[in-house]
Amino acid sequence: MARYGLGLAAGRLAPNAGWPVGTFAANVAGGLLMGLLVGWLAFRGGAQQEMVRLFAAVGVLGGFTTFSSYSLEAVQMIERRQIGLAAAYVIGSVVLAIAALFVGLMVARRAFGVPA
Numbered sequence: 339m340a341r342y343g344l345g346l347a348a349g350r351l352a353p354n355a356g357w358p359v360g361t362f363a364a365n366v367a368g369g370l371l372m373g374l375l376v377g378w379l380a381f382r383g384g385a386q387q388e389m390v391r392l393f394a395a396v397g398v399l400g401g402f403t404t405f406s407s408y409s410l411e412a413v414q415m416i417e418r419r420q421i422g423l424a425a426a427y428v429i430g431s432v433v434l435a436i437a438a439l440f441v442g443l444m445v446a447r448r449a450f451g452v453p454a
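Okay, so the sequence shown: first residue is 339 according to the numbering used here, each after it adds one.
Since the hints were derived computationally from the structure, they do not count as laboratory data.
None of these values were measured; they are calculated from a predicted model.
Do not rely on the hints blindly, as some may be mistaken.
Said to hold, decoys possible - Simulated restraints on C-beta separations:
(1) 419 <-> 385: 51 to 59 Å
(2) 414 <-> 384: 16 to 24 Å
(3) 351 <-> 388: 16 to 24 Å
(4) 451 <-> 426: 19 to 27 Å
(5) 380 <-> 355: 30 to 38 Å
(6) 440 <-> 390: 18 to 26 Å
(7) 353 <-> 384: 44 to 52 Å
(8) 421 <-> 354: 26 to 34 Å
(9) 422 <-> 398: 28 to 36 Å
(10) 383 <-> 422: 43 to 51 Å
(11) 384 <-> 342: 27 to 35 Å
Don't be surprised by glycine CBs; every beta carbon is placed ideally from N, CA and C.
Given the sequences, and given the hints that come with them, work out the whole structure.
Set out below in C-alpha cells:
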C-alpha cells in the first residue's frame, strides 16, 4: 500500500518525467529507510535484533522496494530504444539508493550515538 501510494504521489508530482518515478522514489526511499533501520538496530542490539531485521528489512522494506519492477522498466526503455534514459535510470537508481542508505545510516548513528 505504501509503495502504491508513493507511486501515485510521484506520478502527480512529476507527470511528464518520462520514466518510472514511483519505482525510482520507492527504491531511493527504501535505501534511506534501510540505513535508518540498520543504524537503529546497531544502537538497539539485543536478542530480538535478527527477528526485527528479518521482519523490517527483508519483509517490509523488501516489499516496499522492487527490483523486479525496476528491471522490467529498464528493459522496456531499452526496447523503446531509449538507451540514454535507461542508462540514467539504472545508474541513478543504484547510486542514489546507495547514497540514501548511507545518509540514513549516518543520521541514525548520530541520533543514537553509535560509532561508525
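CB of residue 384 to CB of residue 342, is that within 27 to 35 Å?
-> About 33 Å separates the Cβ atoms of residue 384 and residue 342, which means 27 to 35 Å holds.
Just tell me: holds or violated, for the beta carbon distance of residue 440 and residue 390 against 18 to 26 Å?
-> Taking Cβ atoms as reference, residue 440 and residue 390 lie about 21 Å apart, which means the hint holds.
28 to 36 Å as the expected CB spacing between residue 398 and residue 422, which holds or is violated = Given range 28 to 36 Å: holds, Cβ gap about 34 Å.
Is 44 to 52 Å a correct range for the gap between the Cβ atoms of residue 353 and residue 384?
-> Cβ of residue 353 to Cβ of residue 384: about 45 Å, so the range 44 to 52 Å holds.
Per the hint of 16 to 24 Å, is the separation of the Cβ atoms of residue 351 and residue 388 within bounds?
-> Once the Cβ atoms are compared, 37 Å apart, the range 16 to 24 Å for residue 388 and residue 351 is violated.
Go ahead and decide if the range 19 to 27 Å is satisfied by the Cβ distance of residue 451 to residue 426.
-> violated, 38 Å
Given a hinted range of 26 to 34 Å, is it respected by the beta-carbon distance of residue 421 and residue 354?
-> violated, 20 Å
Given the range 30 to 38 Å, decide if the beta-carbon distance of residue 380 to residue 355 lies inside it.
-> The hint (30 to 38 Å, Cβ to Cβ) holds, given that residue 380 and residue 355 are roughly 36 Å apart.
Could one say that the CB atoms of residue 383 and residue 422 fall in the range 43 to 51 Å?
-> Holds, at about 46 Å.
Confirm or reject the claim that residue 419 and residue 385 have a C-beta distance inside 51 to 59 Å.
-> Given about 54 Å between the Cβ atoms, the range holds.
Hint check for residue 384 and residue 414 - Cβ pair distance inside 16 to 24 Å | violated, 44 Å
Of the numbered hints stated above, those contradicted by the structure are hints 2, 3, 4 and 8, listed in ascending order.
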